[in-house]
Structure formats: structure tokens, C-alpha cells
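Each protein sequence line maps, in turn, to chains A and B.
Count along the first sequence from 1, add 5, and you get the number used in my numbering.
Count along the second sequence from 1, add 5, and you get the number used in my numbering.
In short, the hints are calculated from the structure, not lab data.
Incorrect hints may appear among the rest.
[What the hints assert, rightly or not] Once the Cα atoms are required to be at most 25 Å apart in a straight line, the calculated DSS-like pairs of lysine-lysine come out as:
{"#": "1", "chain 1": "B", "residue 1": "Lys-204", "chain 2": "A", "residue 2": "Lys-201"}
{"#": "2", "chain 1": "B", "residue 1": "Lys-185", "chain 2": "B", "residue 2": "Lys-91"}
{"#": "3", "chain 1": "B", "residue 1": "Lys-321", "chain 2": "A", "residue 2": "Lys-201"}
{"#": "4", "chain 1": "A", "residue 1": "Lys-137", "chain 2": "A", "residue 2": "Lys-185"}
{"#": "5", "chain 1": "B", "residue 1": "Lys-201", "chain 2": "A", "residue 2": "Lys-289"}
{"#": "6", "chain 1": "B", "residue 1": "Lys-119", "chain 2": "A", "residue 2": "Lys-316"}
{"#": "7", "chain 1": "A", "residue 1": "Lys-91", "chain 2": "A", "residue 2": "Lys-140"}
{"#": "8", "chain 1": "B", "residue 1": "Lys-204", "chain 2": "A", "residue 2": "Lys-316"}
{"#": "9", "chain 1": "B", "residue 1": "Lys-119", "chain 2": "B", "residue 2": "Lys-91"}
{"#": "10", "chain 1": "A", "residue 1": "Lys-119", "chain 2": "B", "residue 2": "Lys-321"}
{"#": "11", "chain 1": "B", "residue 1": "Lys-201", "chain 2": "A", "residue 2": "Lys-11"}
{"#": "12", "chain 1": "B", "residue 1": "Lys-201", "chain 2": "A", "residue 2": "Lys-201"}
{"#": "13", "chain 1": "B", "residue 1": "Lys-11", "chain 2": "A", "residue 2": "Lys-204"}
{"#": "14", "chain 1": "B", "residue 1": "Lys-201", "chain 2": "A", "residue 2": "Lys-321"}
{"#": "15", "chain 1": "B", "residue 1": "Lys-209", "chain 2": "A", "residue 2": "Lys-11"}
{"#": "16", "chain 1": "A", "residue 1": "Lys-28", "chain 2": "A", "residue 2": "Lys-119"}
{"#": "17", "chain 1": "B", "residue 1": "Lys-316", "chain 2": "A", "residue 2": "Lys-119"}
{"#": "18", "chain 1": "B", "residue 1": "Lys-316", "chain 2": "A", "residue 2": "Lys-201"}
{"#": "19", "chain 1": "B", "residue 1": "Lys-91", "chain 2": "B", "residue 2": "Lys-140"}
{"#": "20", "chain 1": "A", "residue 1": "Lys-209", "chain 2": "A", "residue 2": "Lys-185"}
{"#": "21", "chain 1": "A", "residue 1": "Lys-204", "chain 2": "B", "residue 2": "Lys-201"}
{"#": "22", "chain 1": "A", "residue 1": "Lys-209", "chain 2": "B", "residue 2": "Lys-11"}
[Stated by the list, open to error] Over 10 Å on every C-beta distance to chain A, these chain B residues come out as not near it, computed from the model:
{"#": "23", "residue": "Glu-45"}
{"#": "24", "residue": "Gly-47"}
{"#": "25", "residue": "Asp-69"}
{"#": "26", "residue": "Pro-79"}
{"#": "27", "residue": "Glu-134"}
{"#": "28", "residue": "Lys-137"}
{"#": "29", "residue": "Arg-167"}
{"#": "30", "residue": "Leu-169"}
{"#": "31", "residue": "Gln-174"}
{"#": "32", "residue": "Lys-289"}
Every value quoted in this text rests on a predicted model; they were computed, and no experiment measured them.
The beta-carbon is built from N, C-alpha and C at its ideal position, and this holds for glycine as well.
2 protein chains.
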Amino acid sequence: MSDLPKFVQINEEGPREGFQFEKGPISTDRKIELIDALSETGLNHIQVASFVNPSRVPGWADADEVVQRFERKPGIHYTALWLNLKGLQRAMATNRLDIEGSFSLTASPTFLAKNQQRSMEDNLQQAHETIKMYKQHGIPLKRASIMAAFGCNFEGEIPHRRVLDLMQQLLDIAAEHGVKPQVFSLADTMAWATPKSIKELVGKVRERFPELTLALHLHDTRGMGIANAYAGLEMGISIFDTTVAGLGGCPFAAHKGAAGNVCTEDLVFMLDEMGIETGIDLDKLIEVARLAEDVVGHPLPGSVKMGGSLKALREKLH
Amino acid sequence: MSDLPKFVQINEEGPREGFQFEKGPISTDRKIELIDALSETGLNHIQVASFVNPSRVPGWADADEVVQRFERKPGIHYTALWLNLKGLQRAMATNRLDIEGSFSLTASPTFLAKNQQRSMEDNLQQAHETIKMYKQHGIPLKRASIMAAFGCNFEGEIPHRRVLDLMQQLLDIAAEHGVKPQVFSLADTMAWATPKSIKELVGKVRERFPELTLALHLHDTRGMGIANAYAGLEMGISIFDTTVAGLGGCPFAAHKGAAGNVCTEDLVFMLDEMGIETGIDLDKLIEVARLAEDVVGHPLPGSVKMGGSLKALREKLH
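Chain A on its own, in the form it takes in the complex (with noise of 0.2 Å):
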């Protein structure tokens, strides 16, 4: 486990998670100019939008627009966000996008029944549903997840015991209908991992499920996203989904649930230093965390596209 992966997936969740926290109103010309800008940076797989009830996410009321609109470039995969059947179906009805299966648990009974009015019961039948629909569909299961993996604001510590069993709950599920997860997601929800939790967790996964594809979505609200993205890749970690310039949260708005999402410059940043791969030109990245704060229209958390990079200050050296 101590030796690095030579290479790390990048899934950049930027504008999906963006336009969707923001108070906005932001032009559908300036989604897509973002969307565009990120298609420049050898990124190969981009959340570019949300197809989810526009009463509750007003951000994202013109999703079909700008899939419509924004540029394909080969070699990417576009993908969306949706939460049921009706968004599922506006997603498809684009053709432009690549529809990836994934379905989601959370592990905090409290969060669920807070939040969504639903037991954990309620969310393994959803799954079942769920898959089932990808399945009469001939949509591949890519992804599975478990939210607030790591800690909940509204339940405390979540006992590792529980999320395995989710996990196993998951594949079984899954396995009735014939299919497996290409990767399983852990995810920090509400941001209460810390590198030593990542690494407690990630190994009691492994050595239940030694094998299966690992991702980590992190948040940076408590300021631990790039340590646990590194304590992620010493255990061997090699795909996460980060947004450019941390958008999805804006913690200087002291947005107290507010999480913003570990920034993709800043990552790309020390994998680059460290010699492990993504394919993504960190300089050019950075110039899209400008945008995007210039899209929103006030400042966001990354770091990097401050202090820049050292590729740019070498080659001004050299």
C-alpha cells in the first residue's frame, strides 16, 4: 500500500456541483463557456450538469440547455447528475451525453430521515428501483456510493461496521440483477474525515472487499481535503472527484453546511509534484479557476490558482 499510484482519475464535478450551490442567477452562455473552458484542459470526465426538480434547484432549471449547447470534445465523458426516473430520461432525451448507472446510500439513519423523510429501508427498495431502471435501459452500473461515510452533522460517528454492511447490501442488490459496480465511492459528505479516519476506513474496506475499485469524494470544509486525498492515495486511492476552484460551497460566505468540494487544481497540483499522472495541464486549469470565479462573481476556495503553480515559475527560471 505505501507505493503511490502512477496515475489518478480525475472526475471534475465543477459545474454540476457549482451552478447547483450558487445563488446565481448565472447565464446559461456562462455555464457553458465553463463547461468549454474545462473540455480545454485534458480533463476526460466532466459532471456538467444536474437534470433534478428546477423548484428545488433553480440553478439547474436549464440543465437541457446547456447540454444542448455546450462543445463535445472527443475523448471526454460528459456525464449528469439525477435522482430519479424523470431525470434520468431528461438526461438521455439530450443525446449528448455519456449516460454512467450509479445510485447512492448514505450511512446516517438521522440524515436520512431529517433530510428526505425516508428510512434506510426506503433507500435499499430505491436501490433496487433503481438499478432495475438501468437495467431495462442497458445503462452500465459505473458507480456506487456511500454518503457521510466518514461522520454525519446529525448522527455523530458512523461505526465502520455500517458502512460495510451498506457496501454489502449494495453488491447484493446489485447482484440480483445480474450487475456489479465498476467503482465504489466513499464519500465525506458533511467533511468529518481526517487522513487517519481515511485510512482506518479504506483499509477495513479493502480487507472486506480487497476487490473492488475504490474512489473518494472529499470536502474541504474543515481544510482536510488535500491531506485525505494524499492519505487516500497512500492507501492506494487512484480516482476522486474534486471541482475546479472548489466550487460547490463557498465556505467564506461562513455558509455553515456549506462544503465546498476538495478543489481539482489544488490536487492536480501535488499529484503533478509528485510525479503521478492525470493527463491535465495544471496551468491551464488554472486559468478555468479564474473563470469560474469570475462566473460566479465572487472569489472561491482553491488555492493554487493564487500562489500558481511551479511548472510556470520553472520554466520562467529556465
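Once you have looked at the hints, place chain B on chain A.
Same frame as chain A, now just chain B:
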């Protein structure tokens, strides 16, 4: 090396770094208010002022008055920075400080030449004189430091060999005067380090100087501060210099050269959550971080002061 330390010593440098850097003006009363608030957090080592040339560092023109008027609390080491005999004499004249001898060499000749019009030889000569000066005044040599140990904006990569040789030269000079630094600090002055380079250099230093107690002085300009501290912990480092709220540089103002120090409360949060003692009350420290923002009049980089501690959340839940 894989066992993390049980206790970490935090050296708070927020007042000294912050008021040196901030454009201000900040009243003497408010500087003292911040120092006195820090004294209530459980910190046991606070660098409260900088006795440097007021025409070059106007923010510390009132160093004498600040030191005269802050409230000394038993059990806390209150220290200051000086760069020459005059500064040391000013610090000693206050009779209210713990006078700890320290000396730094920078690992970048280019930086030295450009910024101080000095050569490495000049610096070694100055080391002699400084250590002699400490001896004459009966001041123990607490700390030796290598600045820019991990890279330099003016020179690029710093060969490990050079850092090791400089350390040897400093130890030799100290030995000529019959003294030995209690702690040897490696400073990432211009934020070039990543967890990988921390481990590589610390590993080589430990191999060559297994008997030395090491400290890390980290900057967060490129968002690596906490991850680098974690890498240091993994190498057994248990002494860190930090600044409350990340005082000492304001990346949000897009000051390119402004390297904010790693943030005290973010590091204490990580240590707390990993079960590593610091003696510091995180929630009190978070209050002081918010006070620091009020004192300087603009947002400061730390994350936990916005995300909140988990201890406070847990108490609310139970």
C-alpha cells in the same frame, strides 16, 4: 516511523507574522487584544512581536509597547523575532520575553543575493557572530533553521545535499562555540513542498542526523500546508510553527508572493481528531481566529473557523 506522535508542540507565530505582513494600520491595543486572547487557548508558545527595523517593517514599529502591555500568563513562552544585535537588545530590554536564541540559513544563494545582497559565506559568517552574541548574553541556542529548504521561487529546486551540508555547517559553527541547537527546523518558505518532498528530505535529514529534534515551518500558498504537516507527522515530526487563522499572508488578496502560514486551528483540528494531544482548546482557538479576522479587517484563510469543530457538533448532538 509509521506511529504518529502522541503530542505535538505548536509554536504560534500569528501575531509576529501577521502584523509584520498586514498593511494595517492596526492599533497597539488590538494587537495586544489578539495576543491576550491567544494566551487563553492553551497555547504554550507564542511569538508575540518582531524587533526589526521600523522603517522596513512599519507594522512592528510598536513592538516595544506591545510587549510591555500584553498580559503574561504563567506557563506560556512568549518569544520574539530579531535579526541583529540591536533587535535582540530591544527584546531583552523589555524584560517580559523568553529570549530564545535562533539562527537561520537560507538554502538558496540566488534568493540571498537578490533579496539581501549577501553570499552564503556572508551568512555563515553571520551565524558565527550571532551564536557568539547569544553566548555573550547567556542566551541558549534554541533553534537553527534552514529557509527555502524545499525549493525557491528564484532558484527552483534545492538539492537535498545542499540542505544537509548547510545543516552540518551550522552544527559545526555551533560546536565551535560549544553549543548545539535544541531544535532544527526545516522551512518551506516559498511553499514548494508536497507530502512526497517532505518525506524525502526529512528522511535524508534523519538518516544523516538521527540525533536531531526536527521541526517544520510550513506555508500554505499552494494549499499543501495541512497535507505537508500530515506527511511530517508520519515522519515523526512533532513540532510545527503555525499562525492562527493563517495570518501572515493573504492569498485572497491575490498577493502572489504572500505565503500564508499553515493555519493553527486547522492543524489542531486534524491533530484533535486523530487523537494527538496539543494542550489547546480548539473551540477557544476558533474564537480567536475569528477575532484575528476582525483585527485585520478582512477574511483570513483558515477553514475550521468557518466549518466549525466536530467537538462542538458532537456536544450539540449528545
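Hint by hint, here is what the structure shows:
1. B:Lys-204 x A:Lys-201: 17 Å, holds
2. B:Lys-185 x B:Lys-91: 24 Å, holds
3. B:Lys-321 x A:Lys-201: Measuring from Cα to Cα gives roughly 24 Å; hence the hint holds.
4. A:Lys-137 x A:Lys-185: Distance ~12 Å between Lys-137 (chain A) and Lys-185 (chain A) Cα, so the pair holds.
5. B:Lys-201 x A:Lys-289: 24 Å, holds
6. B:Lys-119 x A:Lys-316: 21 Å, holds
7. A:Lys-91 x A:Lys-140: 16 Å, holds
8. B:Lys-204 x A:Lys-316: 21 Å, holds
9. B:Lys-119 x B:Lys-91: 24 Å, holds
10. A:Lys-119 x B:Lys-321: The hint holds at about 16 Å.
11. B:Lys-201 x A:Lys-11: Within the cut-off at roughly 13 Å; holds.
12. B:Lys-201 x A:Lys-201: 18 Å, holds
13. B:Lys-11 x A:Lys-204: Since the Cα atoms of Lys-11 (chain B) and Lys-204 (chain A) sit roughly 18 Å apart, the hinted pair holds (cutoff 25 Å).
14. B:Lys-201 x A:Lys-321: Since the Cα atoms of Lys-201 (chain B) and Lys-321 (chain A) sit roughly 24 Å apart, the hinted pair holds (cutoff 25 Å).
15. B:Lys-209 x A:Lys-11: Within the cut-off at roughly 23 Å; holds.
16. A:Lys-28 x A:Lys-119: Since the Cα atoms of Lys-28 (chain A) and Lys-119 (chain A) sit roughly 23 Å apart, the hinted pair holds (cutoff 25 Å).
17. B:Lys-316 x A:Lys-119: Given pair Lys-316 (chain B), Lys-119 (chain A) holds - Cα atoms ~21 Å apart, limit 25 Å.
18. B:Lys-316 x A:Lys-201: Holds. Lys-316 (chain B) to Lys-201 (chain A) sits at ~17 Å (cutoff 25 Å).
19. B:Lys-91 x B:Lys-140: Since the Cα atoms of Lys-91 (chain B) and Lys-140 (chain B) sit roughly 16 Å apart, the hinted pair holds (cutoff 25 Å).
20. A:Lys-209 x A:Lys-185: 20 Å, holds
21. A:Lys-204 x B:Lys-201: It holds: about 17 Å lies between the C-alpha atoms, which stays within 25 Å.
22. A:Lys-209 x B:Lys-11: 23 Å, holds
23. Glu-45: 22 Å, holds
24. Gly-47: Holds, because the least Cβ-Cβ distance between Gly-47 (chain B) and chain A comes to about 19 Å, which exceeds 10 Å.
25. Asp-69: Non-interface label on Asp-69 (chain B) holds, nearest chain A Cβ at 34 Å vs cutoff 10 Å.
26. Pro-79: 32 Å, holds
27. Glu-134: 32 Å, holds
28. Lys-137: Correct as stated: the minimum Cβ-Cβ distance to chain A is 36 Å, above 10 Å.
29. Arg-167: Correct as stated: the minimum Cβ-Cβ distance to chain A is 16 Å, above 10 Å.
30. Leu-169: 21 Å, holds
31. Gln-174: Label holds. Min Cβ-Cβ 25 Å, cutoff 10 Å.
32. Lys-289: Holds, since 17 Å exceeds 10 Å.
The earlier numbered hints are all upheld by this structure, with none contradicted.
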